[in-house]
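There are 2 protein chains.
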Amino acid sequence: MDEFELIRRFFSTGYPQRADVMLGVGDDSAISRLGRDEELVSCSDTLVAGTHFPPQLPADAVAHRALAANLSDLAAMGASPRWFLLALALPEVEPGWLEQFSAGLARLAGRYQVALIGGDTVRGPLSVTITALGSVPAGAAVRRSGAVDGDLIYVTGTCGDAARAWQALAGGATLAVEDPCYRRFAYPEPRVREGLALRDLASAMIDISDGLHVDLERLLAASEVGGAARAQDVPLSAALVDQVGLVAARELALAGGDDYELCFSVAQSRATDLGRLSADWSCPPVCIGQVRSEPGLSWQLDGRDLASPPPAFQHF
Amino acid sequence: MDEFELIRRFFSTGYPQRADVMLGVGDDSAISRLGRDEELVSCSDTLVAGTHFPPQLPADAVAHRALAANLSDLAAMGASPRWFLLALALPEVEPGWLEQFSAGLARLAGRYQVALIGGDTVRGPLSVTITALGSVPAGAAVRRSGAVDGDLIYVTGTCGDAARAWQALAGGATLAVEDPCYRRFAYPEPRVREGLALRDLASAMIDISDGLHVDLERLLAASEVGGAARAQDVPLSAALVDQVGLVAARELALAGGDDYELCFSVAQSRATDLGRLSADWSCPPVCIGQVRSEPGLSWQLDGRDLASPPPAFQHF
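Line by line, the protein sequences give chains B and R. Going letter by letter, the first sequence gives residues 3 to 318 in the working numbering. Going letter by letter, the second sequence gives residues 3 to 318 in the working numbering.
One chain only, chain B, in its complex shape (with noise of 0.2 angstroms):
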């Protein structure tokens, strides 16, 4: 099977059809149309087979984390996903393995109607990079760097699940496909529809990819503040304290990436609108700390200082 027929056979059916695309895949280039008065939002993401994930993934699983990492990064900024490149490195051609990998692809595409639009695929060591664009309207983006002394700090959804996943596959364990830990970790949900509806609301936002701790650190950093966090608030899944215990599951949700939830910052003042804005998600916010203006990231639990940071995930 050459390049092209790859194309053919796995990426050019199925996938959401746009009329803002004027050209997808097949040409040197993709060509998409934006409309007036917005912006551009561009990230790119890789993963790669031993450092990402391990080789045993389903490769359904392994296209959702791809899409949905880029389409996390998306929702941290409020944008609307639009089209995805595809860069993807085979060691070999397995159509089964690539059948089911474009159909996880293309049912996390479908879901949030994100059009495939161009690419490249290559021999070599398994790896899968998308770059994903959405759009905003012209300034609407939410940064980083826009929390402010006194706003509130929040975090979506559960935190440690996919961690707690990852540890135990890395330790050569098989998780059962029904395990809640292991489907946070193998099917994470971007929260797209979250981060578009605290476009106007949060002052701040960022996905938590490599850790509740880490990720927030940067938030804080970029907007050159500080904060202070309470580690008996951030949400727990019932399935991680049964798994692990509370105190692991606590470590496991401040050190671990791979949910893709978002953190995010609001003032004070508009935290009943937050309260009614997300009245009915799937994934409600909880308020975590607040933001101050000295440096740096402190944590407590039940009102006693934790002492050292949970280390992060690091890709190098």
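Simulated from the structure, these hints should not be mistaken for lab results. Possibly wrong hints are sitting among the right ones.
Quick partial rundown of chain B residues pointing at chain R, CB under 10 angstroms, derived from the structure [said to hold, decoys possible]:
| id | residue |
| --- | --- |
| 1 | A32 |
| 2 | R35 |
| 3 | D39 |
| 4 | S46 |
| 5 | T53 |
| 6 | P56 |
| 7 | A77 |
| 8 | Q115 |
| 9 | V124 |
| 10 | T131 |
| 11 | L135 |
| 12 | L177 |
| 13 | V179 |
| 14 | Y189 |
As the structure is a prediction and not an experimental result, all values here were calculated from the model. From the three backbone atoms N, C-alpha and C, an ideal C-beta is built for every residue, glycine too.
Got chain B; can you put chain R on it based on the hints?
Chain R in isolation, oriented as in the chain B frame:
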């Protein structure tokens, strides 16, 4: 060195800045503004060590080739390059290698004023994925599909040089840095200005990344036409002929990719315009054949049919 240090050190300074970049490297996504009445043109190309370049290729050449391949794809649409994202997988952090990589990338980016606006760096087998973004006035992009019966077929510059170097390097040879074939392979010049200039003249266009024969065949197939081409008219460099002789040079010119020349069709009535337009190009276009209504691409050499089409560079 963690990812952030790596980005800060190698991918923050030395790159062109643009006023239409609202937000560049360092947030979840980049934000860039497209003017009114424009279309976004995007493409993505991956280079894997061992598949697309020999491991001993200098880091600045790896970076140059990865960006050049993408700029060439934009050039083949007649697009203005504007921004790019870099996804870099590295087996280990070697500051010396990264320094050189970054220098090569910034040099070529500077030449065409294309801004690095985001990306990802991860640990993994060496590979480089670049996503390039450009723009065209709405509807002005040159597609592969516009060639019609009677159009003349042109190619810019000379063909086969890079393939000669790749062949020698793959065989374990060491080439002198001043070898013109080596330079074509290691530091190919994307035909950005030429592609832009051809936007209102070419009826169809493609860049030669896989081989003149297969890439021209693709252009003709996309246009639902065929063509007759003359092997003796395909431009060859003196260095190539000198190194391998005329017969092998022609084979390399038809089969070899990686030169990133442009192949395009022009209505016969506009041949004079093309001559005027390209009078001062360093890679003047040469007419190598003509579009025919019957499907397929046939080659003649001095009036005799060439039997078998040359094999193409295969990513798989």
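Do the hints match the structure? See the list:
At a threshold of 10 angstroms, the smallest CB-CB gap from A32(B) to chain R is about 5 angstroms, leaving the interface hint in force. For R35(B), the interface hint holds, the least distance from its beta-carbon to any beta-carbon of chain R being 5 angstroms, beneath 10 angstroms. Here the hint on D39(B) is kept, as its CB sits about 8 angstroms from the closest CB of chain R, short of 10 angstroms. Residue-level restraint check for S46(B) holds (minimum Cβ-Cβ distance to chain R is 4 angstroms; threshold 10 angstroms).
Because the closest C-beta pair between T53(B) and chain R is about 5 angstroms apart, less than 10 angstroms, the hint holds. Taking 10 angstroms as the C-beta contact cut-off toward chain R, the hint placing P56(B) at the interface is violated, the least distance being around 14 angstroms. Checking A77(B) against chain R: minimum C-beta separation of about 8 angstroms stays under 10 angstroms; hint holds. Because the beta carbon of Q115(B) sits about 17 angstroms from the nearest beta carbon in chain R, more than 10 angstroms, this interface hint is broken.
The beta carbon of V124(B) comes within 5 angstroms of a beta carbon in chain R, closer than 10 angstroms, and the hint placing it at the interface holds. For T131(B), the interface hint holds, since its Cβ comes within 10 angstroms of a Cβ in chain R; the closest pair sits about 4 angstroms apart. The beta carbon of L135(B) comes within 7 angstroms of a beta carbon in chain R, closer than 10 angstroms, and the hint placing it at the interface holds. Interface hint at L177(B): violated, since its Cβ lies 24 angstroms from the closest Cβ of chain R, which is beyond the 10 angstroms cut-off.
Checking V179(B) against chain R by beta carbon gives a least distance of about 26 angstroms; that is not within 10 angstroms, so the hint is violated. Interface restraint check for Y189(B): the shortest CB-CB distance to chain R comes to about 21 angstroms, outside 10 angstroms, so the restraint is violated.
Against the hints set out earlier in the document, violations occur for numbers 6, 8, 12, 13, 14.
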